[in-house]
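Colleague: Sequence:
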Amino acid sequence: MTEVARTPTGVAGLDSMIGGGIPRGRVLLVLGGPGTGKTTLAIQYLVNGVEKYGENGVFVSLDVPQHKIFEEARSHGWDLEKLCSERKIAFIDGSPFTRLSYRATGFKVPERSYTVQVRELCDDIKNVTRSINCKRISVDTLAALTLQFPDVIQRREVVLELFEAASSGGATSIITDEIRESETKPIMLEEYLADGLVVLRSSQVERKQIRIVEVEKIKASAIDDQIRPYILDKDGFSVLSDRDIFTYAAGVLLKK
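Residues in the sequence shown are numbered consecutively from 109, following this note's numbering.
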């Protein structure tokens, strides 16, 4: 079998779960609810790219303004502002694209306007990717864009256009999205379209926070399909890939 070229995330424990890294030039979709560390993982992926592998990156925020992303990064000791000034990471603020909704403006904007905005966003991603020889892209969060497209056909077109832009020039991407509300809720369209899917969950067990990660698919890769615990702290995101969730949870609950 031909060996698949990979882009390692550099995140402790995660790469071993996905076969050594994300297949190069592909899109990894990361689903998670509030507080599961989706944005942290998206930032860490780019910072690791620069610091560990000498690869430039682009961060695309579709919801949160730049200064808040920089604050999030600083809380983990990552100076995104410096990396941006050095043209090692570029920041694209796509949050204005999500403010054109009927609810936000109080009047209906023609659907064609959304399409134009998405096309401009994708053009920006492609142009910036070329300008800094980008190898990694993080997009956070897809739901901020796709919620504007209730029509499934139009939504598919938008997601495909964004995925194509994120893969332009051979870049490897992490794109975050909101998690399914329940196991009985239908699988989202973007889950089918992505090349890989990682799900993050967080729950309270007797006042203790337990976070788990599950790899549902990585195309052309063998994966660790066991549910593993992960830690989100001042150093960022790390997976305990040598621990099963039951042993880990028991240990957490026994701690005083």
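Keep in mind that a hint or two might mislead.
[To be verified] Here are the simulated SDA-like cross-link-like pairs (lysine to any residue), alpha carbons at most 20 Å apart as the crow flies: (1) 325 / 307; (2) 325 / 235; (3) 190 / 142; (4) 196 / 227; (5) 196 / 268; (6) 196 / 225; (7) 176 / 307; (8) 325 / 114; (9) 160 / 133; (10) 325 / 121; (11) 196 / 178.
[Claimed, not checked] Label-pair ranges, simulated between beta-carbon atoms: (12) 258 / 192: 29 to 37 Å; (13) 160 / 189: 18 to 26 Å; (14) 277 / 339: 13 to 21 Å; (15) 352 / 174: 33 to 41 Å; (16) 258 / 343: 35 to 43 Å; (17) 173 / 235: 33 to 41 Å; (18) 335 / 272: 30 to 38 Å; (19) 173 / 315: 17 to 25 Å.
Hint data in this document are derived by calculation from the structure and do not stem from the laboratory.
No residue lacks a Cβ here, since even glycine has one placed at the ideal position from N, Cα and C.
Colleague: State for each hint whether it applies.
Modeller: Going through the hints against the structure:
1. 325 / 307: Holds. Residue 325 to residue 307 sits at ~10 Å (cutoff 20 Å).
2. 325 / 235: Not OK: residue 325 and residue 235 at ~30 Å, beyond 20 Å, violated.
3. 190 / 142: Violated. Residue 190 to residue 142 sits at ~28 Å, over the 20 Å cutoff.
4. 196 / 227: 25 Å, violated
5. 196 / 268: 27 Å, violated
6. 196 / 225: Violated: residue 196 and residue 225 sit about 26 Å apart, past 20 Å.
7. 176 / 307: 24 Å, violated
8. 325 / 114: Within the cut-off at roughly 15 Å; holds.
9. 160 / 133: Cα-Cα ~19 Å, so holds.
10. 325 / 121: Cα-Cα ~16 Å, so holds.
11. 196 / 178: 15 Å, holds
12. 258 / 192: 29 to 37 Å: 35 Å, holds
13. 160 / 189: 18 to 26 Å: Distance hint for residue 160, residue 189 holds at roughly 20 Å.
14. 277 / 339: 13 to 21 Å: Hint violated: Cβ distance 33 Å, outside 13 to 21 Å.
15. 352 / 174: 33 to 41 Å: Holds, at about 39 Å.
16. 258 / 343: 35 to 43 Å: Holds, since residue 258 and residue 343 (Cβ atoms, about 40 Å apart) stay within the stated range.
17. 173 / 235: 33 to 41 Å: 21 Å, violated
18. 335 / 272: 30 to 38 Å: Cβ of residue 335 to Cβ of residue 272: about 32 Å, so the range 30 to 38 Å holds.
19. 173 / 315: 17 to 25 Å: 33 Å, violated
Checked against the numbered hints above, the structure violates hints 2, 3, 4, 5, 6, 7, 14, 17 and 19; every other hint is satisfied.
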